[in-house]
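So the sequences go chain by chain: C and H.
Here the first sequence stands for residues 15 to 362, where the numbers follow this note's numbering.
Here the second sequence stands for residues 271 to 772, where the numbers follow this note's numbering.
FYI, nobody ran anything at the bench for these hints, they're computed from the structure.
Just to be clear, a hint being listed does not mean it is correct.
Stated by the list, open to error - List of simulated lysine to any residue pairs, SDA-like, C-alpha gap at most 20 Å:
id: 1; chain 1: H; residue 1: Lys616; chain 2: C; residue 2: Ala230
id: 2; chain 1: C; residue 1: Lys148; chain 2: H; residue 2: Leu580
id: 3; chain 1: C; residue 1: Lys148; chain 2: H; residue 2: Asp598
id: 4; chain 1: C; residue 1: Lys266; chain 2: C; residue 2: Leu279
id: 5; chain 1: C; residue 1: Lys148; chain 2: H; residue 2: Gln582
id: 6; chain 1: H; residue 1: Lys616; chain 2: C; residue 2: Arg296
id: 7; chain 1: H; residue 1: Lys663; chain 2: H; residue 2: Ile712
id: 8; chain 1: H; residue 1: Lys436; chain 2: H; residue 2: Glu332
If you're wondering where the values come from, they're calculated on a predicted model, not measured in any experiment.
One-letter residues, chain by chain:
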Amino acid sequence: MTMRRLSSHRLFWPSVALVLLLGINAVFNPGFWQLQWRDGHLYGSVIDILNRAAPLALVAIGMTLVIATRGIDISVGAVVAISAAVAALMIGGELVVKDGVQTHVSRYPMSVAIVGALVVAALCGLWNGLLVAKVGMQPIIATLILMVAGRGIAQLLTGGQIITVYYAPYFFLGNGFLLGLPFAVFIAAVVWGTVHVLLTRTALGLFIQSIGINPAASRVAGVRERLIIVCVYVFCGVAAGIAGLVISSNVKSADGNNAGVLLELDAILAVTLGGTALTGGRFSLAGSVLGALIIQTLTSTIYSIGVPPEVNMVVKAAVVFAVMLLQSPEFRSTVRRITVRPATGSAR
Amino acid sequence: MASSVVLEARGLTRRFTGVLALSGVDFRLLAGEVHALMGQNGAGKSTLIKVLTGVHPADAGELRLNGQAINPTSAADAQRLGISTVYQEVNLCPNLSVAENVFAGRYPRLGAAGLWRIDWSKMERDARALLARLNLDIDVSRLLSSYPVAVQQMVAIARALGVDAKVLVLDEPTSSLDEHEVARLFDVLRQLRAEGMAILFVTHFLAQTYAIADRITVLRNGERVGEYLPAELPASALITAMVGRELGAAAGRNARTTETAGAVVLEALGIGRRGQLSPLDVTLRRGEVVGVGGLLGSGRTDLARLLFGLDQIDSGELVMDGAPVRFDAPSQAIRHGLAMCPEERKHDGIVAELSVRENIALALQARMGLWNFLTPARQQTIAERFVHVLGIKTADLDTPVALLSGGNQQKVVLARWLATEPRVMILDEPTRGIDVAAKQEIMNEILRLAREGLAVLFISSEMDEVVRVADRIVVLRDRRKVGELPGDSSEQAVYHLIASDA
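Here chain H stands alone, though its shape is the one from the complex (with noise of 0.2 Å):
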């Protein structure tokens, strides 16, 4: 390729307290190319990122845009000089127009020196000069929240084209698209890459990297593991560069036997909600892992939180060991041995300023309530065992688990609830957002304990994860359960059994 090098970073280095994020970094990214960033969660994926745009100095290495040595001292410097980045969470103001949105902080004006009003007129013109170059045609004027996550996250890539980009940083862009919106989106990336902008993208999404990258950098440990081309790299070979050890065969159903299932621990007899989901029922037994199939707004999440006690069923029952139970919130549940990972890791999952050591002790807490307290040693205790047990990753139990990269922070989760010992275990997307390595780590912990007695209910959009794992599946459409399927069934009879009973 003939392209030129735009963006290139040498022996970049970035320390935080003493830890080395990155170390020696190389990296180059080539005008018109679409560049992959892999690695698993805390390889240095986000600091080379926050590095490249500005957001944290560098403490050692050099960085030459189009040859030149620049030295950005933050986001809006490294705007400035055209390398322009659109963040994993889609940052942008749902209360306000599209068109302001796009222009946000730099809204034309009129008059002399632009000291007159805002020139309205003209912003929503340029906005949708810009969404056209996506291929994107709506109405400036409305505001953002009235269009969907896909159209949202076009409009903050609009944002970031609004300057003079020469470079442009996605961040996990796909996390919360599907599929028909992720094909959208790439043919968006297509045309700016045909332009000859330089894009650099960070997805855990292997398929999607294989769809679109021209080019891809492992990182691994703050290190550069290599460059590659994906036609010269197998999927394996890519994941043994991000894991730097042989995955193995991926662990599932067939490592145990489905005799294991044993008593039925918690048995849904037709429960519902008005708008929520249509009664349905639902059994889990000791030992099995139900997964739960369905497309974003089928009523998967509803399920979880109608039996965690979040929300409250307003028809039918719950029956625990054969006695009716009734949970009106979720401390309820727990007590009666019920643990549930949120789909929101952020929102409903970690608390962000407690220390790790906290949030792993805080379930536990509070099942056992105010007076009976864990002292921080007793905590420090339990949380030491789950930190190794789920190989978290963490400086030591006191940082704040807003620090843990996204996998660890969900492996905290998750220890918090191994802590209470659960009997029943609702993973709602456990795995989203996180890499392949933390992923497989996870998913292996959640069959042994599903060995050891514990019933799972797993809930996850990636399909193939619900078939290897599930003992049974359950299908849910628009919010009613339309059958369920042994866990041996392929994908695709998940999915004909979706759309068969349309």
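The following block holds chain C by itself, in its conformation from the complex (with noise of 0.2 Å):
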């Protein structure tokens, strides 16, 4: 009985997903659950998953946000891109060195270019929302819009090359560690953790949820829909936007072309595999931070139990298959049927 409470709850198949990665790369991999404690840090393959999915968590927290609403951002690799070119281009690309010694240079203060970097996300976020709420835009187009010409924004700050970022206090957001843990981790904690209490102690949540199952009646009951659907899809580019300066400081450049590429897809999967439904309405902002958990977690298992780099893409879309059947009511009531009729006997 408690089996079958604990295995309604809706977090649980996506948590036996990530149990049974975990389990399979404990055989193949000795030292997966090794962790080391050097230079007041921790090190090892599990630390290196939380520290790399925490990018895509942050991008996944967002969308799940704007999934809810029955909407869908795609531009959220673009606005990634366009963030750490922000962020980068404020920062300066130069090398200074004094007397030997490499000194830290930065054009901006480095909190202003991350504030500016954030402003701008936010802006990409405004225009999605104004082109979903007011124009009354289909969402993947609206985003779609944004993802194509993100890119081209993106490169024109760089100036098609990619940025060089010097400046080494920059680098603490991708690759620091406070406490031990990547502080990455943090970041996303802390984003969590932010919109879990505004889901919980304000209206926010009634009122997503309300959107995303039927807009029209939220609208009659007084809900204002339309500015609500827009600061989803603001929160969303700054999300992304956080998630871009996380990234852009882990590899210390800023690539127009190729930061945060196919992120959105990535993200959409993280929130589905949450169990959240792409219909809107009822979500789940741990399920999609499990999706990014488990998604990063694959992608290091395909490369750490030697899987040929030309089939990983196959297995990939194998264990996501999987995963996604194994959360199917529909298909675990037939899997339930075939394999208990023969227990009971037949009916007549």
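Dock chain to chain to rebuild the complex, using the hints, since each chain is given by itself in its own frame.
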């Protein structure tokens, strides 16, 4: 009975998938669970996965809210590139060596650069939100515009070059450690925590769900659905912007062409893996973070157990397919019917 | 009558998560009869139909078709056996042609084993023949959406007849039809009856039951109350059977004096919108029920939408408490103390997958804003109060509102607005598609609130209802106001006013 209660929890199947993946890793890769304490930092495959999953989790959190309102935002990858480009430009890409020692020079103070990048990311989200809520475009088309144009904007900003950042304090975002754990994990945790508090301590969660389930009725009930939809897209933009900062800090550069490529698809995948339906309404923030972890664990697994690079996308697709089947109540009940029928005997 | 029993059910029982929806129900349907199934919302009508048509399996009891025990496992299965159903909501595809709709899922094919292409000409020929059986001569190659709802209803029936149907189940087929269309539908039913079809007919309209039914089965609380012949069962006895108690004489205006009508709350001066409503004046006072009389398409709903800010006025102005106001969205109207039960409950009213509790709290929360959060505990308190006051039947407050019966859903929408303690309540068809008792309860509640000072704008297509509850009646025709009548006018007076100005 308790097993049934447990298995009906919406996070049960994503958790099972993650545990299975981790288990497979432990079997094929004996060093997987080993953690080392070096220079006051934890090192190990698991820590690595957490670190790399952080940007995806950030984007997936923003995407969850958008999807919950019946929308979708496929421009997040482009926003990642734009945000990275703005931050890199404002910090500056010069290597200054004085007396044989590198000095840290930035064009604008780092805080200004970070705020600047996030403001630009918010404007990207605002553009998307206005197209969806005010102009009334289909979300996939509205955000497709920025998905395509955003790459161009990012490349315009960087002049078609990869901008290398030499300002060491900036590297902390994507490479630094706090209390032994990667700093990026804390960033993702803080964003998740903030959104979680907003959803449970304000009416935001109720409004978003209500809009996602029935926008017309929500409007009649006085929910300011357009305003909320715009805000959700702005937040999604900001979340992608933060992810852009983490990614560019991690690779110490901004590449307008390649930063965040296909990230939108991974983010949508993370949201669906976490049990949120693309049709809007009920959603799970924690599920999306789990989804991001599943995707990153899967990627790491594929590399660590030595799947040939030419087939790794196929393996990834197969695993995602299996997880989605596990999640489907229809599929599970079909399996149950097939497996349980002989045991109970035929009905007539 | 010598006709034989076509469909027979004995001791049907069905539970939903512990709640007994049907309890040992016996039922029989004869060939060549129209059998009306009546009962309040939640009495088990829908469940019975769903068990008969294989949508839900019965937990206990047996089902016989022409004496053979059957056990349909799906609606398609039931249809193969000869039990066809036309559901309440016309579930056809408006973007397909009439013929395609009639044969959807079973297009005639050409070639060996139907492997070659669809036989379009046969399909259209057969569709025309089927519709001719219903006295309907239309171009079957045109899109379904190009025909009025009444015709679409006929197409739905034709679709059900397409297979060799012995039993036709109609779940509230008349709720979206006007009088003329109902008469036409009844002609068709009489003809099918003459051909020996067994027809099960669910409706809330007593008059229709007496107009067409040969036999009436009444359900209450999942149990069969009895099977009656209409001639032996006067309307009052029928209502008593459905409700289980004597209905008090319809509480009406008379219970209250017009002196309670007080200060003007909301005044609409020449409000209108091009293409929707010609400029008109309406005044709503404290404690007064203003009825809106008019036929479908007369601008009733448009008036409600303009007042509530769902559509924007492009002429005239709204005055509240002596100061002009402007509503660009419902949220602004709500802040000024307006509330509206919309006409389309499913589309504009309930938020289906949210719980009863969340649905009731929604408008109040929206008015209080994002930050001033009603905790689940406070939502619970508010919801509990209104579930009690309005007698909403629900397993618990966390039940998704979609699982409630229509009347209870409507009460939830009403509760949502009462929770905001409104000063002006706009009710657009608040009693459509719900049973007599729930209707009465909702009307009584509205009148009680009006006595306490609520200003009510009451819109209904049932003129007797409007006449009964309203203190004043604003009469609309062709999207303009043709006059106002005092509350004690007769239905004929309203119709006369609608007709006279033509």
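Here's how the hints hold up against the structure:
no.	hint	in the structure
1	Lys616(H) - Ala230(C)	holds, 10 Å
2	Lys148(C) - Leu580(H)	holds, 15 Å
3	Lys148(C) - Asp598(H)	holds, 14 Å
4	Lys266(C) - Leu279(C)	violated, 24 Å
5	Lys148(C) - Gln582(H)	holds, 16 Å
6	Lys616(H) - Arg296(C)	holds, 18 Å
7	Lys663(H) - Ile712(H)	holds, 14 Å
8	Lys436(H) - Glu332(H)	holds, 19 Å
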